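Novice: Chains as they are written, first to last, in the working numbering: chain A, 1 to 347; chain B, 1 to 347; chain C, 1 to 347.
Hints are computed from structural coordinates only; laboratory data are not their basis.
In this text the structure is predicted, and so the values were computed from the model without any measurement.
Don't take every hint at face value.
Claimed, not checked - As a list, the in silico BS3-like pairs of lysine-lysine whose alpha-carbon atoms are at most 30 Å apart:
#1 C:K317 with B:K198
#2 A:K93 with C:K317
#3 C:K198 with B:K297
#4 C:K323 with B:K323
#5 A:K330 with C:K317
#6 C:K198 with B:K317
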Amino acid sequence: MIINAAQLCELLQGELIGDGEMKIYGPSQIDKGIPGTVTFLANPKYEEYAYSTEASVLIVARDFVPRTPLKASLIKVDNVYGAMMFLVEKFSKNGIPSPGVSNLAQLSSDFVPSTDVSIGAFAVIESDVTLGDRTIVYPHVYIGHGSRIAEDVVIYPGVKIYPNTIIGQRCIIHANAVIGSDGFGYRPDENGRYVKIKHVGKVILEDDVEIGANAVIDRGTLTFTKIGRGSKIDNLVQIAHNVTVGEDTVIAAQAGVAGSSSIGNHARIGGQVGIAGHLQIADRIEIQAQSGVHTGKFPEGSRLFGYPAINYNDYLKSYAVFKQLPEYMKRIAELEKQIAALKGESL
Amino acid sequence: MIINAAQLCELLQGELIGDGEMKIYGPSQIDKGIPGTVTFLANPKYEEYAYSTEASVLIVARDFVPRTPLKASLIKVDNVYGAMMFLVEKFSKNGIPSPGVSNLAQLSSDFVPSTDVSIGAFAVIESDVTLGDRTIVYPHVYIGHGSRIAEDVVIYPGVKIYPNTIIGQRCIIHANAVIGSDGFGYRPDENGRYVKIKHVGKVILEDDVEIGANAVIDRGTLTFTKIGRGSKIDNLVQIAHNVTVGEDTVIAAQAGVAGSSSIGNHARIGGQVGIAGHLQIADRIEIQAQSGVHTGKFPEGSRLFGYPAINYNDYLKSYAVFKQLPEYMKRIAELEKQIAALKGESL
Amino acid sequence: MIINAAQLCELLQGELIGDGEMKIYGPSQIDKGIPGTVTFLANPKYEEYAYSTEASVLIVARDFVPRTPLKASLIKVDNVYGAMMFLVEKFSKNGIPSPGVSNLAQLSSDFVPSTDVSIGAFAVIESDVTLGDRTIVYPHVYIGHGSRIAEDVVIYPGVKIYPNTIIGQRCIIHANAVIGSDGFGYRPDENGRYVKIKHVGKVILEDDVEIGANAVIDRGTLTFTKIGRGSKIDNLVQIAHNVTVGEDTVIAAQAGVAGSSSIGNHARIGGQVGIAGHLQIADRIEIQAQSGVHTGKFPEGSRLFGYPAINYNDYLKSYAVFKQLPEYMKRIAELEKQIAALKGESL
Numbered sequence: 001m002i003i004n005a006a007q008l009c010e011l012l013q014g015e016l017i018g019d020g021e022m023k024i025y026g027p028s029q030i031d032k033g034i035p036g037t038v039t040f041l042a043n044p045k046y047e048e049y050a051y052s053t054e055a056s057v058l059i060v061a062r063d064f065v066p067r068t069p070l071k072a073s074l075i076k077v078d079n080v081y082g083a084m085m086f087l088v089e090k091f092s093k094n095g096i097p098s099p100g101v102s103n104l105a106q107l108s109s110d111f112v113p114s115t116d117v118s119i120g121a122f123a124v125i126e127s128d129v130t131l132g133d134r135t136i137v138y139p140h141v142y143i144g145h146g147s148r149i150a151e152d153v154v155i156y157p158g159v160k161i162y163p164n165t166i167i168g169q170r171c172i173i174h175a176n177a178v179i180g181s182d183g184f185g186y187r188p189d190e191n192g193r194y195v196k197i198k199h200v201g202k203v204i205l206e207d208d209v210e211i212g213a214n215a216v217i218d219r220g221t222l223t224f225t226k227i228g229r230g231s232k233i234d235n236l237v238q239i240a241h242n243v244t245v246g247e248d249t250v251i252a253a254q255a256g257v258a259g260s261s262s263i264g265n266h267a268r269i270g271g272q273v274g275i276a277g278h279l280q281i282a283d284r285i286e287i288q289a290q291s292g293v294h295t296g297k298f299p300e301g302s303r304l305f306g307y308p309a310i311n312y313n314d315y316l317k318s319y320a321v322f323k324q325l326p327e328y329m330k331r332i333a334e335l336e337k338q339i340a341a342l343k344g345e346s347l
Numbered sequence: 001m002i003i004n005a006a007q008l009c010e011l012l013q014g015e016l017i018g019d020g021e022m023k024i025y026g027p028s029q030i031d032k033g034i035p036g037t038v039t040f041l042a043n044p045k046y047e048e049y050a051y052s053t054e055a056s057v058l059i060v061a062r063d064f065v066p067r068t069p070l071k072a073s074l075i076k077v078d079n080v081y082g083a084m085m086f087l088v089e090k091f092s093k094n095g096i097p098s099p100g101v102s103n104l105a106q107l108s109s110d111f112v113p114s115t116d117v118s119i120g121a122f123a124v125i126e127s128d129v130t131l132g133d134r135t136i137v138y139p140h141v142y143i144g145h146g147s148r149i150a151e152d153v154v155i156y157p158g159v160k161i162y163p164n165t166i167i168g169q170r171c172i173i174h175a176n177a178v179i180g181s182d183g184f185g186y187r188p189d190e191n192g193r194y195v196k197i198k199h200v201g202k203v204i205l206e207d208d209v210e211i212g213a214n215a216v217i218d219r220g221t222l223t224f225t226k227i228g229r230g231s232k233i234d235n236l237v238q239i240a241h242n243v244t245v246g247e248d249t250v251i252a253a254q255a256g257v258a259g260s261s262s263i264g265n266h267a268r269i270g271g272q273v274g275i276a277g278h279l280q281i282a283d284r285i286e287i288q289a290q291s292g293v294h295t296g297k298f299p300e301g302s303r304l305f306g307y308p309a310i311n312y313n314d315y316l317k318s319y320a321v322f323k324q325l326p327e328y329m330k331r332i333a334e335l336e337k338q339i340a341a342l343k344g345e346s347l
Numbered sequence: 001m002i003i004n005a006a007q008l009c010e011l012l013q014g015e016l017i018g019d020g021e022m023k024i025y026g027p028s029q030i031d032k033g034i035p036g037t038v039t040f041l042a043n044p045k046y047e048e049y050a051y052s053t054e055a056s057v058l059i060v061a062r063d064f065v066p067r068t069p070l071k072a073s074l075i076k077v078d079n080v081y082g083a084m085m086f087l088v089e090k091f092s093k094n095g096i097p098s099p100g101v102s103n104l105a106q107l108s109s110d111f112v113p114s115t116d117v118s119i120g121a122f123a124v125i126e127s128d129v130t131l132g133d134r135t136i137v138y139p140h141v142y143i144g145h146g147s148r149i150a151e152d153v154v155i156y157p158g159v160k161i162y163p164n165t166i167i168g169q170r171c172i173i174h175a176n177a178v179i180g181s182d183g184f185g186y187r188p189d190e191n192g193r194y195v196k197i198k199h200v201g202k203v204i205l206e207d208d209v210e211i212g213a214n215a216v217i218d219r220g221t222l223t224f225t226k227i228g229r230g231s232k233i234d235n236l237v238q239i240a241h242n243v244t245v246g247e248d249t250v251i252a253a254q255a256g257v258a259g260s261s262s263i264g265n266h267a268r269i270g271g272q273v274g275i276a277g278h279l280q281i282a283d284r285i286e287i288q289a290q291s292g293v294h295t296g297k298f299p300e301g302s303r304l305f306g307y308p309a310i311n312y313n314d315y316l317k318s319y320a321v322f323k324q325l326p327e328y329m330k331r332i333a334e335l336e337k338q339i340a341a342l343k344g345e346s347l
């Protein structure tokens, strides 16, 4: 949605003071306004920004009277905050494709489009794939043979889905994520060369899962890798083969979970965390960014930190000492000197 | 391959008990069976799962007699384990494209397809590229000018290969990996602004290399970045410019190797490991996940851990003390008190 | 550019001794020469390599006389180093597309190509997008609605740009990078389920920014994520929503910056570094690879290391003690024993 200030004013049933022709691309914050955006002044304590903001349009209350001239055009409305929420909702629809199947997509001859599905240019859909109603497949998406994708899913440009993947309702998969690649599994032969272990399992994303850009979810070896309902996986995360993630768990950017581990429900895993393979991580575990988890022994609700990870507060206490170690070591040397002296005296 | 239970039974020359129409998408494990899969009961100690599994078809021995009714259809065979191995091999062929060049691919006018090559829709092959026999190029792959790719290579959807890349026989490159991007090299000019260093080298993948999804291998500055025969690189790994990796080395997910380092043969590098630039890492080095390697001084076969990495056992011993540091520091304070007391006495 | 030795010789106005038909794909270093490349001998101390190099062509000074026969063809020139610089510049143009819009690209009906723009096959350009003169859009690139891209920008294959992104002059974006994906923002509802926070902000890349392969820059929530003029972001880096990076800052591979943090000018951030959210990092900060920065309190020009990061030298000093901790702890035990003995004596 790109509209001009006059059209914006009409949408908001407001009163425009200033240039109505200016093109508006989206919203911004009043203290970080940039040309081509609309911002708002709801809280009087930010009034100073109204005079300096680079935003092109400023939404204000009906009774707002500027103390000095403004660079921005004004739109006066009854409810500033409500107007802004309305616009955020509007702009969030920006660039969302309409239903319809591009004639530049490559569809398997057995593919039957469901109601109001959208398939973009240069998407590829292999055989035996089903897509639910209203699901959006952006350009450059690849959906492998036998995959079953439910309703209201959004698959952003460049996502690659290997065969037999199962994706639940309302999942969102961001650009260039890869779902279902082979696990990193090899066995050495008699000469120490690696022989690839076949991966014939699948990936299951339950309902309401979101997967970040450039994240990778490997398929199961024989069975499945599963992300539970409502869990959110950030950009550049690695989920290895046979891993299961519970429900309502969040895993921040660049974290990695090694093969065959399971993570509970309502866990919070920080960025760049590493979780070793074959562990069972309890529910509601909270893991500080960059920690390395080498054991599943921590009980439900634990908060972890460190490398290897221990309890959060224990790590902080030990690290506080770590920072003082050179000084403590001097104290040990001093003690040794004094004891030597005492021993000399006591001879 | 999607077949029904009756067809599956015929493939296995077995005896079907139950519904023959049910569609089967792949295999699963008996304790993690899901509808639409076939599983097997080879070891009697897992018999309890036979009654609870959600798998649609269960392969059992000819003499198996269920104690209570089963949800799954049964296929009785002479050799349960052999039947399952046969099916895993069959299903591993799932979705592999047939030979042939898509008329939706964009091929340079000088391109000559070799025998039984497969090139998918929307693939782009630039000028002066050669592909070996039976090589598979999935949709959305880009192969830059002058690249030479050998026989039996598999390049998954979305892989981007920069110009002049050399790829050996039987290499596998997973979806959205990038091969041959510019190294991260700049020199500051007189005003402290960075000037890009031209990268005109290449990437060489020797035979039997596998590269994970969304991994990146930068090209050499003047010469090459090379991954040695049989080495395996996991998802989201970063290999910087001019790096050489030896033969039969494995590098797990999200690890990174900085510019101009060399890694030996038969090394095992854990996930999220970082290796600094300009190091020479010996053969058969084993590096624990998340470690940071700042020196190449460790001899062949060393096992490393820590940040910076030291010998594995040394790190564990020091870390065991680290966890107790607050208590040890109390002991130092107590010693100081006692010495002060003793000194008082001895005055 | 692939030329034969004779053409190469003509370009350099040199004298060829040897096979003129051999195809040359690029340059190499004399000690790492490979067939199909041209290398050079400028410094006499590397002369031994002239006899062993695998390079096909060797550029030497006019007066060079080999002591023994050479495998490589020779090209004799007046200025060896200048010839090599000339060739590096030539080869760096390798595979760069010519101006022109592919008829296999999908362009919005409102798109107006600018002068000498290049748009590759299977690129998608949505509505309300502008591209500056001489900008290169490789195949498989997606440019979302409302994006404004300036002059002389290079966008490598597979890059995905979400709506409303702003990209300055001479930016370079490497293959499969994602610009403008949603931030990782959710609020828990009354049942502890995560509700997605709408992201309607944008990404701004100022002039002369370079973004590495498979890197991800999330869009702002309401306002913007910004990378300042001349800053360089390496492969697989994560920049979260609302982050601002200053000018002339370098961020090495696999580093991550969490939401709403700001980083100053001329900072140097090592590989795999993690920076927590909502911090303000001063100018000219230098952060050692893999460090975790949890506070913005460090003054301009600080050098940091550790997890959490502290001053570089302090970390090294503490870590030096850390490595000796088991021995120090024995010294504490010994002190305790001696004190006990002394106390026994002094009773």
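Novice: Now, for every hint given, state plainly whether the structure supports it.
Specialist: Taking the hints in turn, this is what the structure says about them:
{"no.": "1", "hint": "C:K317 with B:K198", "verdict": "39 Å, violated"}
{"no.": "2", "hint": "A:K93 with C:K317", "verdict": "54 Å, violated"}
{"no.": "3", "hint": "C:K198 with B:K297", "verdict": "51 Å, violated"}
{"no.": "4", "hint": "C:K323 with B:K323", "verdict": "14 Å, holds"}
{"no.": "5", "hint": "A:K330 with C:K317", "verdict": "12 Å, holds"}
{"no.": "6", "hint": "C:K198 with B:K317", "verdict": "48 Å, violated"}
Hint violations for this structure: numbers 1, 2, 3, 6, all remaining hints satisfied.
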